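Asks: The primary structure of each chain is shown beneath.
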Amino acid sequence: MNNADIAWMLVATALVLLMTPALALFYGGLVRSKNSLNTMMMSFASLGFVGVGWALVGYSLAFGPGNLWLGDLSRAMLRGVGLEPSGSIPHLLFAAFQCTFAIITVALISGAIVERMRFGPYLAFLTLWGIFVYAPLAHWVWGGGWLAKLGILDFAGGTVVHVNAAAAALVAALVLGPRKDFARQAILPHNVPFTLLGAGLLWFGWFGFNAGSALGANASAALAFCNTMLAPAATLVVWILLDLSRTGRATAVGAATGIVVGLVAVTPAAGYVSPLSAILLGAVAAFPSYFALLWRARTRLDDSLDVVAAHGLGGTVGALLTGVLAERAWNGGAAAGALFGEPRRVLVQAAGVVAAIAFSAGGTFAILKLVGLFAPLRAGVREEGLGLDVTQHGEEGYTRGEGAILVLPDPAPAGVGLPAPLSAESGSA
Amino acid sequence: MKLVVAIVRPEKLGEVLESLYRAEVRGLTIHRVQGHGGEMERVETYRGTTVKMDLSDKVRLEIGVSDHFVEPTVKAILDSARTGDVGDGKIFVLPVEKVYRIRTAEEDQAAVTPVS
Chain A
1 MNNADIAWML VATALVLLMT PALALFYGGL VRSKNSLNTM MMSFASLGFV GVGWALVGYS
61 LAFGPGNLWL GDLSRAMLRG VGLEPSGSIP HLLFAAFQCT FAIITVALIS GAIVERMRFG
121 PYLAFLTLWG IFVYAPLAHW VWGGGWLAKL GILDFAGGTV VHVNAAAAAL VAALVLGPRK
181 DFARQAILPH NVPFTLLGAG LLWFGWFGFN AGSALGANAS AALAFCNTML APAATLVVWI
241 LLDLSRTGRA TAVGAATGIV VGLVAVTPAA GYVSPLSAIL LGAVAAFPSY FALLWRARTR
301 LDDSLDVVAA HGLGGTVGAL LTGVLAERAW NGGAAAGALF GEPRRVLVQA AGVVAAIAFS
361 AGGTFAILKL VGLFAPLRAG VREEGLGLDV TQHGEEGYTR GEGAILVLPD PAPAGVGLPA
421 PLSAESGSA
Chain B
1001 MKLVVAIVRP EKLGEVLESL YRAEVRGLTI HRVQGHGGEM ERVETYRGTT VKMDLSDKVR
1061 LEIGVSDHFV EPTVKAILDS ARTGDVGDGK IFVLPVEKVY RIRTAEEDQA AVTPVS
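As they're listed, the protein sequences go chains A and B.
With this note's numbering, letter number 419 in the first sequence gets 419, and the count goes up by one each step, no holes.
With this note's numbering, letter number 115 in the second sequence gets 1115, and the count goes up by one each step, no holes.
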């Protein structure tokens, strides 16, 4: 084992974990204030439910030996996952690092179903999805599954995380149906500064996501780190220029979105392409997502926070361009893309994207229908009108306290918990 | 002239405005207010603190109209603001002594007639 590698992976794991609260801010700012807490809780809940699910079975299904399609239960309950080396870091640290990926992936889906899904069924959905959709796909690509054998290039999860989450988001939005106000009333972001802060923190955490995927403090991590800096920068530039040329105004929500699209696109490529290729990749990735966002808003598809346009298209463009731009000179001889002598790469990348979409869509549909058998997925029309913060959580994001009457515990134990009587002496000590 | 004062649910405001627009009612003022109209109380909990929310968020609209516009205005609000549950709000129609349009110093009837 190597202490430098361990130190970097400890930090990287914490950075990736921070991305989920960052996503909560990003999504939370984009919804109406009456749903702000519910939207943020959809991400925060993943920290708990997917985290525990990962330790109990998810990790084993993803990274247990198993076969080409699925791991096995040999690592269930983290059995045999201890301090022995996995590569140059402790096995347990590798499992923790991968855990943070499962958490953020599930949280990403919530953007398509905000402002209308009941919280209980959502918890059931996210727990099951983390185990039965995320873990198998992670096994295919990273756990020695069939896509790995085919030679797919997915440095940090363009396919496993982003295309996967976007396909699930599309299916979930279709199964739940649009919000009652969708396309009838203007539904505006309630706190754009939250969204900008979330985008900034996502970028920060993404250095752990991409550079951490090198699994060590090495040259590959340095390349992934720089590419994670450059690609979103290029996407941001193109996004702002597109905004300016189309309407004459550069929007803040657009800037936040552009950053995320660039981060998504560079994810599969981070450790495989040159820095200049990363800039090109980030710039190209802006176009499909930008125009898909404009188009989607005119359809009846209520993918509320545009998970498909940002993560689905960004992830697909990134995956395909990884197969074009990968350079042996930069990735230690691991792989070359179509531009550098291996045109077959692009086909493998495309196969990976298609397989991820098909598997994720089918799995998501099955899980939602299963959960729907036990409890209705949708909040009622009245609950939707009142907002999910009050109806699902019994709290509000922004209380004023006027008209709030304190409910005292009954009966109060004598002399305990009662406020001290106000008198002239109080505070004189 | 009359002043129509309506208190409605905030989540119904969009529909009310649309309905008023269709009824060709132009020119109104809204306030965000809180009030109690006999609806069920809401219980919220913040850590160990449990509170009953006695006041609900409402929107108060004020619309100055000429006499023959009172009925369409009231009807538009009744049609759009109703959910059937306690807490749908109230509409008050008040007499108005005098109206001025500040821009032109027009008075009364002329002051509440929309510029066309």
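Read the hints as simulated data drawn from the structure, not as lab findings.
Mixed in with the good hints, there may be bad ones.
Straight-line alpha carbon distances no greater than 35 Å define the calculated DSBU-like cross-link-like pairs of lysine-lysine that follow [stated by the list, open to error]:
1) K1090(B) - K180(A)
2) K369(A) - K1012(B)
3) K1012(B) - K180(A)
4) K1075(B) - K1052(B)
5) K180(A) - K1075(B)
6) K1052(B) - K1090(B)
7) K1052(B) - K180(A)
Values in this document were obtained by computation on a predicted structure and should not be read as measured data.
Asks: Does each hint fit the structure? Answer for all of them.
Replies: A quick look at each hint next to the structure:
1. Between the alpha carbons of K1090(B) and K180(A) the distance comes to roughly 24 Å, so the proposed pair stays at or under 35 Å and holds.
2. Taking the CA atoms of K369(A) and K1012(B), the gap is about 32 Å. The hint holds against a cut of 35 Å.
3. Our distance criterion of 35 Å between C-alpha atoms is met by K1012(B) and K180(A), whose separation comes to about 12 Å.
4. Using a Cα cut-off of 35 Å, the hinted pair K1075(B) and K1052(B) holds, with the two alpha carbons roughly 34 Å apart.
5. For a cut-off of 35 Å, the pair hint linking K180(A) to K1075(B) stands: about 24 Å separates their Cα positions.
6. With a C-alpha separation of about 23 Å, the suggested pair K1052(B) and K1090(B) falls inside the 35 Å cut-off, and the hint holds.
7. At roughly 28 Å between alpha-carbon atoms, K1052(B) and K180(A) fall within 35 Å of each other, so this suggested pair holds.
Hint check: no violations occur; every hint is consistent with the structure.
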